[in-house]
Amino acid sequence: MNQTIENPGTSKAAISYHYDIGNDFYRLFLDRNCCYSGAMYDEAVENESLDSAQERKLDYHIHESKASGAKRVLDVGCGWGGMLKRLVTVHRVALATGLTLSARQEDYIRAMALPGVEVRVESWSDHSPGELYDSIISVGAFEHFAKPGLEREARVRGYRDFYRYCHEWLKPGGWMSLQTIGLGALDRGTRGQFVFERVFPETDIPRLGEMADAAEGIFEIVKVRNDRMDYIRTGREFRARLRQNWSAAVKLVGEEIANRYDQYFRFSLAGFELGTTNLYRLTLRRIDRPRFDIRL
Amino acid sequence: MARSSAPSEEQLRDWLVSKVAAVLGMRAPDVDVSKDLEAYGLGSRELVELSGELEEFIGCELSPTLAFDYPSIASLVRILKKEIVTRSDS
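Chains as they are written, first to last, in my numbering: chain A, 1 to 296; chain B, 1 to 90.
If you're looking for bench data, these hints aren't it; they were derived computationally from the structure. Using N, Cα and C, we set each Cβ at its ideal position, and we do this for glycine too. Hints are not guaranteed to be accurate.
DMTMM-like cross-link-like pairs, simulated, lysine to aspartate or glutamate; straight-line CA separation at most 25 Å [to be verified]: (1) K223/A <-> D59/A; (2) K251/A <-> E56/B; (3) K251/A <-> E53/B; (4) K81/B <-> D59/A; (5) K82/B <-> E273/A; (6) K35/B <-> E256/A; (7) K19/B <-> E53/B; (8) K19/B <-> D59/A.
Each pair of labels, with its calculated beta carbon distance range [to be verified]: (9) E38/B <-> G189/A: 13 to 21 Å; (10) E56/B <-> E197/A: 41 to 49 Å; (11) A21/B <-> G189/A: 27 to 35 Å; (12) R243/A <-> E83/B: 29 to 37 Å; (13) S5/B <-> D59/A: 32 to 40 Å; (14) R78/B <-> E168/A: 38 to 46 Å; (15) E38/B <-> G209/A: 38 to 46 Å; (16) E53/B <-> A103/A: 32 to 40 Å.
A partial selection of chain A residues facing chain B, derived with a Cβ cut-off under 10 Å [to be verified]: (17) H127; (18) G192; (19) F194; (20) A240; (21) L242; (22) N245; (23) Y261; (24) D262; (25) Q263; (26) F265; (27) S268; (28) G271.
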């Protein structure tokens, strides 16, 4: 198994600060499967609902990672279990394992009591599967794989460790599908970024080049998409739903937090509209003759 | 709080001038309405916040990048008047 590594990502306490505010609060603005990341809209579908666009996103990652009908699939950063549920109920996966650092998310998933779904409150760096996985999916977790203030090299090293672990857990020829918000046309460390200072502590998003560098010799990148427009539509939906349910939100979390989320959605939207943040979707294939020591 | 009626062009301009003056620590009469807000030193955060506060003032939803697309007070007032007229027509 892997040697112990230093995980440079967001701490469990900082994850809890954001994601453990209350499941009922998140349900006010998320879709029916509680997907808390950019959906995938089909422009050919008129007035597509958030539910439908989120399910398309789930199916996209399942398709890209070739998880449909698989025996064992890992979901790193499984949120409230939307992907896990989709894997076992629609895609006939025998065992879908989800990792999260949020205790409330674990509660939520356990309460669904879905046969074939397993959830663990642990970081990817503490994970140790009994058997190899056929596919790995990770949506909206990579954002938490590095804390602010690190040099590029340290960030890439952390991402590389993640890929190295995934490589070890995947069967030969296995596929992985990732989705993450990435830094776009903006200097890293720009001050006054409301979202990272007030909403997501200890979080620093990757650049595409860092994700790519980190994968060299371990995973080959087969496909990259930047779907920031999808997050604009998703973010608008989140905000509209929050505002439609404003009094319920204030009752659940208080006015200060409800206002903070309203602001967060506006800032997040601005980032995707300006292209200072992007929404990356990466398809990767395990390199079965890896070069872990490759010179970057 | 949202207003019960749409603000006039003058009210919009006065509101924006006083907001910008407060952020910059300037006197309102010294604010040049034709100058780009970014040139005055307003950062991305302030520009996104400004359109958020404008939402509250006007009482309708605005793009969070409004002050990037219409970077001076004068251009903001122009587009807002147009928007408000369009919205009340529809």
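Practice item. Hint by hint, work out which the structure violates, then give me just those numbers in ascending order. Key: 4, 6, 8, 10, 12, 13, 14, 15, 17, 21, 22 and 23
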